[in-house]
Amino acid sequence: MPRPQQPPRVLAVASHGGHWVQLRRLRPAFEGCRVAWLTTDPGHRAEVGADRFYTTRDANRWNKLALAASALKVLWVVLRERPDVIVSTGAAPGYFAIRFGGLVGARTLWLDSIANVEELSMSGQLASKKATVTLTQWPQLAGGDIRCEGAVL
Amino acid sequence: MIFVTVGAQLPFDRLVRAVDQWALEHARDDVFAQTGPGAYVPTHIAYERFMDPASFTHRVQSASLIIAHAGMGSIIGALELGTPIVIMPRRASLGEHRNDHQLATAKRFAGRPGVIVAADEHGLGEAMERVAGMAATPREKLSSFASPSLIAAVRDFIYAGRSAAPVHAPASPRGASA
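Residue numbers (the numbering used here), protein chains in the order written: chain E, 84 to 236; chain A, 499 to 676.
Next comes chain A alone, as it looks inside the complex (with noise of 0.2 Å):
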């Protein structure tokens, strides 16, 4: 099964448009869509618009293959499963996101094995293409946990305001006016 997720802020039509198109011509039906709040409505692909985070877990440890908006959560939760993932950024431009930080995180997260680019709509062909050479291959699934010097430094910072003796005023961050 091939699940195409965009997340559930703000529509991205312009995805999920390309998406259906494909699996019209490649005759596919085993794809599912997390749509969002768009108001396209696929014609050749089951979507639901939202779902809950069970649901999505559910399809994502089910994919074979996800494409998704270049969002941390569908970037994170398949390299965690070791699932192949084509991102498409969303564009600023075209109403899709607040501002373009999406193409940095795409550019950035280009040459990370099991993460492909598709630039814009006109490239998901050939993303496709590169990731069906891709999906039989076994991958290697990261760690569940963030990387152990940032582990590190949050724990440093929980237990660094404790000492052995007590101390009467509580510390407060600096500018602590709410």
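So here's chain E without its partners, still in its complex pose (with noise of 0.2 Å):
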């Protein structure tokens, strides 16, 4: 648990593509935060400047092996970082990092992307179980426990 005067721990979680897109949207959030960036194409490092980076490969549910393998790398980011504070808007790597955040005491919270206009996505509905926050950008989806704080755009 960091002293209050340090800056917080920050774990940015998010896929290559339109995941990542929005997730860097977010980023004047992140200013004044040790912030630390996980994704699926090494090719992004130069976008993130001096900040922590690292790479997982892509994987989704119909791929068990890949999704295990990048599970794995997942957790190791995660105990490597030990960030106050996981914030991810998808997809699969960003549901692992938001369920092993508790073995670190993270809070963390799970943004569903834009793309998502009828439902909340698969791996938002499964993250919303685990997330302390979970946020949709889309107001007709919010209920129960899922907010909606505005969008991306």
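It should be emphasised that the hints constitute simulated quantities derived from the structure, not laboratory data. Heads up, some of the hints might be wrong.
[Stated by the list, open to error] To spell it out: a stretch of chain A is covered by chain E in this simulated footprint if at least three of its residues, at any positions, have a beta carbon under 8 Å from a beta carbon of chain E; those stretches are: (1) 524-531; (2) 543-555; (3) 564-571; (4) 587-595.
Note that this is a predicted model, so its numbers are computed, not measured. Even glycine gets a Cβ: it sits at the ideal position worked out from N, Cα and C.
Join these two chains into a complex; the hints should help.
Take a look at the structure:
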């Protein structure tokens, strides 16, 4: 647990593509924090400047072996970084980060992709059972524990 | 230059084939496509299957028009640069995606300035004509960041766990067993 005067340690996780683009649009929220980024394409390293940067392989539920390998790498990153906060816009690697966040006492936030207009994504539905806070970007999908606080656009 | 992209995850040969055909019919030699893991090999347009993010960004920045699957990375990328984009949604029934969320995305973004929806390959020609009228108009660029309310909510979340008094046990999320 950090002393109050240390900057918050944030682990920001998103798969390459639309998830990553949306996560990056949140970066003003991370100002003043010690941020590490986890994604699935090493080509994004230059975008994060001096922040720490990790990659895991892309994986989804139709390839169980890749999923397991990805989960192990995510676990390693979470244990190494020991973040105070984990923020993810999806997909599977973000779900794993939120699951494993509990091991290091992290508070976790899932922001469901703006692409999911009609219902929360599959990984979002799973993550919402584990995340401290789950957000949707569409007001009509808010309800119960799921809030809408605005969108990435 | 017209830049075509289908993302890195899944093939979308229906779109690539349609653009290839369009380029032939209109004698265009200024089309470049990122074709992904598809099987179709274009015959009238230059292409690469995959691109690193830096090359991709460069192509998007150089393009006067983008043609893409209805993926959020493509749409946001185009909006941030103020570049018009024609989007065609992938369909699960054709094996182009695991579900039909791109149909919902296309419906949702259809009215947005700078975004034109081609419902399918038959609608591509008309979509391209509509865009031709738009391309010369200077376009407002989307800001680089999320809405202020969302940024504030995420920031409040990050700082909410902190207090002046030291806490002797870490807070853990609900259902914390991994």
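Coverage of the stretch 587-595 of chain A by chain E, judged on three or more residues with CB within 8 Å: violated (count 0)
Check of the stretch 524-531 of chain A against chain E for coverage (Cβ-Cβ below 8 Å, three residues minimum): violated (count 0)
Residues of the stretch 543-555 of chain A with Cβ under 8 Å from chain E, three needed, outcome: holds (count 3)
Check of the stretch 564-571 of chain A against chain E for coverage (Cβ-Cβ below 8 Å, three residues minimum): holds (count 3)
Comparing the model with each numbered hint stated earlier shows that hints 1, 4 do not hold.
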